[in-house]
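Fit chain B to the supplied structure of chain A, relying on the hints for placement.
Taken in sequence, the protein lines are chains A and B.
Residues 1 to 501 in the numbering used here are what the first sequence spells out, letter by letter.
Residues 1 to 501 in the numbering used here are what the second sequence spells out, letter by letter.
Some hints could be false.
[What the hints assert, rightly or not] DSSO-like cross-link-like pairs, simulated, lysine-lysine; straight-line CA separation at most 27 Å:
1) A:LYS446 with A:LYS411
2) A:LYS446 with B:LYS288
3) A:LYS495 with B:LYS249
4) A:LYS346 with B:LYS318
5) B:LYS446 with A:LYS346
6) A:LYS44 with A:LYS32
7) B:LYS411 with B:LYS446
8) A:LYS249 with A:LYS346
9) A:LYS446 with B:LYS495
10) B:LYS446 with A:LYS348
11) B:LYS178 with A:LYS495
12) A:LYS249 with B:LYS178
13) B:LYS346 with B:LYS20
14) B:LYS44 with A:LYS446
15) A:LYS249 with A:LYS348
16) B:LYS495 with A:LYS249
17) B:LYS44 with B:LYS495
18) A:LYS44 with B:LYS249
19) B:LYS346 with A:LYS348
20) A:LYS346 with A:LYS318
21) B:LYS346 with A:LYS346
22) A:LYS411 with B:LYS411
23) B:LYS249 with B:LYS178
24) B:LYS20 with B:LYS44
25) B:LYS348 with A:LYS249
26) A:LYS348 with B:LYS20
27) A:LYS178 with B:LYS495
28) A:LYS20 with A:LYS411
Quick caveat, the hints were computed from the structure, so don't treat them as lab data.
There are 2 protein chains.
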Amino acid sequence: MSEHSCPKRGFFAWPQGVRKVYQPGVRHPELKVPFREVTLSSEKGVVRLYDVTGPYGDPDGSCDMSRGIPRVRPEGGEGQLASARRGVLTPEMEFVAIREGFDPEFVRQEVAEGRAIIPANIRHRELEPMAIGRAFLVKINANIGNSAMSSGIEEELEKMLWSIRWGADTVMDLSTGKNIHEIRERIIRRCPVPLGTVPIYEALERAGGRVENLSWEIYRDVLVDQCEQGVDYFTVHAGVLRDFIPAAKARLTGIVSRGGSIMAKWMSLHREENFLYTHFREICQILKEYDAAFSLGDGLRPGSTHDANDAAQFGELKVLGELTKIAWSFDVQVMIEGPGHVPLQKVKENMDRQIEWCHGAPFYTLGPLPIDVGAGYDHITSAIGAALIGSLGTAMLCYVTPKEHLALPEKQDVKDGILAHKISALVADLAKGHPMAVAWNDAMSKARFEFRWEDQYRLSLDPDLCRRYREAALPKDPSSSRCCTMCGPDFCAMKITQEIV
Amino acid sequence: MSEHSCPKRGFFAWPQGVRKVYQPGVRHPELKVPFREVTLSSEKGVVRLYDVTGPYGDPDGSCDMSRGIPRVRPEGGEGQLASARRGVLTPEMEFVAIREGFDPEFVRQEVAEGRAIIPANIRHRELEPMAIGRAFLVKINANIGNSAMSSGIEEELEKMLWSIRWGADTVMDLSTGKNIHEIRERIIRRCPVPLGTVPIYEALERAGGRVENLSWEIYRDVLVDQCEQGVDYFTVHAGVLRDFIPAAKARLTGIVSRGGSIMAKWMSLHREENFLYTHFREICQILKEYDAAFSLGDGLRPGSTHDANDAAQFGELKVLGELTKIAWSFDVQVMIEGPGHVPLQKVKENMDRQIEWCHGAPFYTLGPLPIDVGAGYDHITSAIGAALIGSLGTAMLCYVTPKEHLALPEKQDVKDGILAHKISALVADLAKGHPMAVAWNDAMSKARFEFRWEDQYRLSLDPDLCRRYREAALPKDPSSSRCCTMCGPDFCAMKITQEIV
Chain A
1 MSEHSCPKRG
11 FFAWPQGVRK
21 VYQPGVRHPE
31 LKVPFREVTL
41 SSEKGVVRLY
51 DVTGPYGDPD
61 GSCDMSRGIP
71 RVRPEGGEGQ
81 LASARRGVLT
91 PEMEFVAIRE
101 GFDPEFVRQE
111 VAEGRAIIPA
121 NIRHRELEPM
131 AIGRAFLVKI
141 NANIGNSAMS
151 SGIEEELEKM
161 LWSIRWGADT
171 VMDLSTGKNI
181 HEIRERIIRR
191 CPVPLGTVPI
201 YEALERAGGR
211 VENLSWEIYR
221 DVLVDQCEQG
231 VDYFTVHAGV
241 LRDFIPAAKA
251 RLTGIVSRGG
261 SIMAKWMSLH
271 REENFLYTHF
281 REICQILKEY
291 DAAFSLGDGL
301 RPGSTHDAND
311 AAQFGELKVL
321 GELTKIAWSF
331 DVQVMIEGPG
341 HVPLQKVKEN
351 MDRQIEWCHG
361 APFYTLGPLP
371 IDVGAGYDHI
381 TSAIGAALIG
391 SLGTAMLCYV
401 TPKEHLALPE
411 KQDVKDGILA
421 HKISALVADL
431 AKGHPMAVAW
441 NDAMSKARFE
451 FRWEDQYRLS
461 LDPDLCRRYR
471 EAALPKDPSS
481 SRCCTMCGPD
491 FCAMKITQEI
501 V
Chain B
1 MSEHSCPKRG
11 FFAWPQGVRK
21 VYQPGVRHPE
31 LKVPFREVTL
41 SSEKGVVRLY
51 DVTGPYGDPD
61 GSCDMSRGIP
71 RVRPEGGEGQ
81 LASARRGVLT
91 PEMEFVAIRE
101 GFDPEFVRQE
111 VAEGRAIIPA
121 NIRHRELEPM
131 AIGRAFLVKI
141 NANIGNSAMS
151 SGIEEELEKM
161 LWSIRWGADT
171 VMDLSTGKNI
181 HEIRERIIRR
191 CPVPLGTVPI
201 YEALERAGGR
211 VENLSWEIYR
221 DVLVDQCEQG
231 VDYFTVHAGV
241 LRDFIPAAKA
251 RLTGIVSRGG
261 SIMAKWMSLH
271 REENFLYTHF
281 REICQILKEY
291 DAAFSLGDGL
301 RPGSTHDAND
311 AAQFGELKVL
321 GELTKIAWSF
331 DVQVMIEGPG
341 HVPLQKVKEN
351 MDRQIEWCHG
361 APFYTLGPLP
371 IDVGAGYDHI
381 TSAIGAALIG
391 SLGTAMLCYV
401 TPKEHLALPE
411 KQDVKDGILA
421 HKISALVADL
431 AKGHPMAVAW
441 NDAMSKARFE
451 FRWEDQYRLS
461 LDPDLCRRYR
471 EAALPKDPSS
481 SRCCTMCGPD
491 FCAMKITQEI
501 V
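The shape of chain A in the complex, shown without the other chains (with noise of 0.2 Å):
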């Protein structure tokens, strides 16, 4: 891809009286905060939506798509939970506060407390900053990535490219296939916003697919390579011991996440314990040399509303609070990995099970997918869950799109599964009381009383599609502004409202 194909162009483009503005900093006035400015009709004001777009959003924005996006923050560093706990304020802390709304202090306080994290390998300087914790917006990932079976850089870099413009906070490149190192290369340097891997993966292709050949020292070196990379966090599956195997064995629908079979075929072949967890601290001093936090994987994860809240899953859960604790004594930062399937009655054992065992770091959550059958519809299935666990306190939500069960997604099912997952994101935040949510919604609602159809598209999710709904249907009539086709203007509640004396 050469500058002249710049994604920027069209790709990016938003609808008049949409616009990227950006806040300085008070205490680091380099700062250039961004946000997505809409600006209502008939003077109602602006309302500032939160932007993860970078440059690309930017028409502006310098995106060289040869040779990667300008890099933002500084060289070098101490690392954010270090300072926090020192009472340093970092530029990353303060970029963060004015993104959401709050003093900075506060965010220094919650990521000392481990209750927030900076994701922010000090290789990434590409990276604009965000903060995963409960009294943040809720946050939402985007997987991408290939498998043998599918897909090249270019798809995959296309699929970060739309991820982001989409909404998507921050972006795992899951890839199994060829090329792992050359394709994460290349996202990194274009990507703004913090890329997750799980390196175990890149292990198991330098082992030659063979589990059996997977060992400690393969896979120190894959995380050693991509922490000089940049990569921001990292799923470890360092909580699955050979104590919970023959448990997970006995479920309807045993292991479901691919890390987690991997180590405990392992162990199983090796009759030895998960190195992940034996060398764990050798992990820790290796991110903390980057300030590339760690993802505690749930490679017990239920695979079925059967499965869900066993004597495996809560097993591993304990233990990844023990090593929360670890990750902590070595200044890294620690979010949780969650399930999986699990039935809305349960979902709450969950939020409350992880707060508790794991001191309240993050959880971040595939899902949860509250029924087994949604095949095809599984974006909708787990918007349902993650809205839910949102609400009670998950930071991040993985998204899940509708292809999950079949098959690898393609660009219209990622757009479709952050979508669905913003709602749910939305949905908590708001739930939660966070000021810029509640702003938006109120802002929405007052437009659409107000039959302001410009501003209602503005601030939708999809302003293009909401507009081709709506105006499909519609006759070409001037009458017909004050409505839409579902109830035409004799029977629009809202207009018959305005009328009442």
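Below, chain B without anything else, positioned relative to chain A:
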């Protein structure tokens, strides 16, 4: 539409391994209670799913579209509530008992106590009885109907068929445009599920579209005509009282129920109390004659999360509780309509108050939509709120389509809206532990773990879509039968799990 264009052909073709079966009654051996039976491969048995497709889903069923479908219920009868209270087990009660796997006596008790209704107008003899109640499977309703700006008779009939094709348990005809009476007649004679209406719409049409000309007499005549046609339940906005109008007018989004706004305007013009309230006993008398049920309308439901749970909404809900007692005194069955837009943390209060104030009568909710900015994707927004309130006890969910707030839905929107809310209903069923939901879910998970792809398709909500998703991505290689392109053969966690010794 002639017999030759019977929609059954192709339209309702099940995949191989899926067929319509019937079970006879014990007390009423003439009953033919339908199921969709999925025969699993490898002699793994059968799973019986709830089915609403009537004769259209049966290759041997008659569906002469020029005349209507066969009448399956006997003429006349006393009415469900009166019978249940006298200890009489009607054919309809046994039908729904078999359909959901319950003891018939339990069904009778739920109906007698008003906790469940079996909407079944004695004139709608094409109906396959179904129950709406907290102890039963959560049902979903699909709205069809034209507006002044779009859609004709054939399109609406097609939407009804399409709705039951995808699993709508009831259909509401909300037509406000031309030919309201004719559209309804055509639909009822071809409709195997309960049909609901909002009679004030036709009354307003008869009043020349002028709210000031509406009167009790016009409304009464409409109601009798619709009862004669066989409408099974009626939305009646009898709880919108004059006292509540100031509070509703002061809201961010006023009144968003069409019926609610019409009655509010009428009261304001005439300076009189709502005639649906003042003539409520006469309405009960009419409904009793036909065993038609009330769906007491929430004319003051909030149209924005900002307005949720306010004095206007809860004031009306209390009145609906009083009206419920009156309807019950006439042996008329009642369900209660609910919001609207409600942020997630306020959903439970809606359910709790409804149960308390409305004496356990079934709740029938629109959404609730827990955010306001989801336009274009509001089927997902609504599915989130619906799943939560369903798991808390709501008996029926009104679907919302992706076009909500923007335009009248088309066929694809109807399908998307139904499937999203089918998922919500299943989430609730599983959370409440309904044995049919548990069996279905576990069968799917087992098929998934055993790589029985055909069984997964058959058990899914949309078999053709699932097959297409997986097979389009798959290389033509026999080794791939054990996996999908999401992970490929080497990274399939379930495959690896099965290799662990």
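Hints and how they fare:
1. A:LYS446 with A:LYS411: 33 Å, violated
2. A:LYS446 with B:LYS288: The given pair, whose Cα atoms are some 42 Å apart, is violated under the 27 Å limit.
3. A:LYS495 with B:LYS249: Given pair A:LYS495, B:LYS249 holds - Cα atoms ~12 Å apart, limit 27 Å.
4. A:LYS346 with B:LYS318: 32 Å, violated
5. B:LYS446 with A:LYS346: OK: B:LYS446 and A:LYS346 at ~20 Å, within 27 Å.
6. A:LYS44 with A:LYS32: Holds, because 26 Å separates the two Cα atoms, which is no more than 27 Å.
7. B:LYS411 with B:LYS446: Violated. B:LYS411 to B:LYS446 sits at ~33 Å, over the 27 Å cutoff.
8. A:LYS249 with A:LYS346: The hint holds at about 21 Å.
9. A:LYS446 with B:LYS495: 53 Å, violated
10. B:LYS446 with A:LYS348: Cα-Cα ~25 Å, so holds.
11. B:LYS178 with A:LYS495: 21 Å, holds
12. A:LYS249 with B:LYS178: Violated - the C-alpha atoms of B:LYS178 and A:LYS249 are around 62 Å apart, more than 27 Å.
13. B:LYS346 with B:LYS20: Violated: B:LYS346 and B:LYS20 sit about 41 Å apart, past 27 Å.
14. B:LYS44 with A:LYS446: Outside the cut-off at roughly 55 Å; violated.
15. A:LYS249 with A:LYS348: 25 Å, holds
16. B:LYS495 with A:LYS249: 12 Å, holds
17. B:LYS44 with B:LYS495: It holds: about 20 Å lies between the C-alpha atoms, which stays within 27 Å.
18. A:LYS44 with B:LYS249: Satisfied, since the Cα-Cα distance of roughly 21 Å is no more than 27 Å.
19. B:LYS346 with A:LYS348: Holds, because 17 Å separates the two Cα atoms, which is no more than 27 Å.
20. A:LYS346 with A:LYS318: Holds - the C-alpha atoms of A:LYS318 and A:LYS346 are around 17 Å apart, at most 27 Å.
21. B:LYS346 with A:LYS346: 20 Å, holds
22. A:LYS411 with B:LYS411: Since the Cα atoms of A:LYS411 and B:LYS411 sit roughly 24 Å apart, the hinted pair holds (cutoff 27 Å).
23. B:LYS249 with B:LYS178: Distance ~30 Å between B:LYS249 and B:LYS178 Cα, so the pair is violated.
24. B:LYS20 with B:LYS44: Holds, at roughly 19 Å.
25. B:LYS348 with A:LYS249: The given pair, whose Cα atoms are some 38 Å apart, is violated under the 27 Å limit.
26. A:LYS348 with B:LYS20: 38 Å, violated
27. A:LYS178 with B:LYS495: 21 Å, holds
28. A:LYS20 with A:LYS411: Measuring from Cα to Cα gives roughly 24 Å; hence the hint holds.
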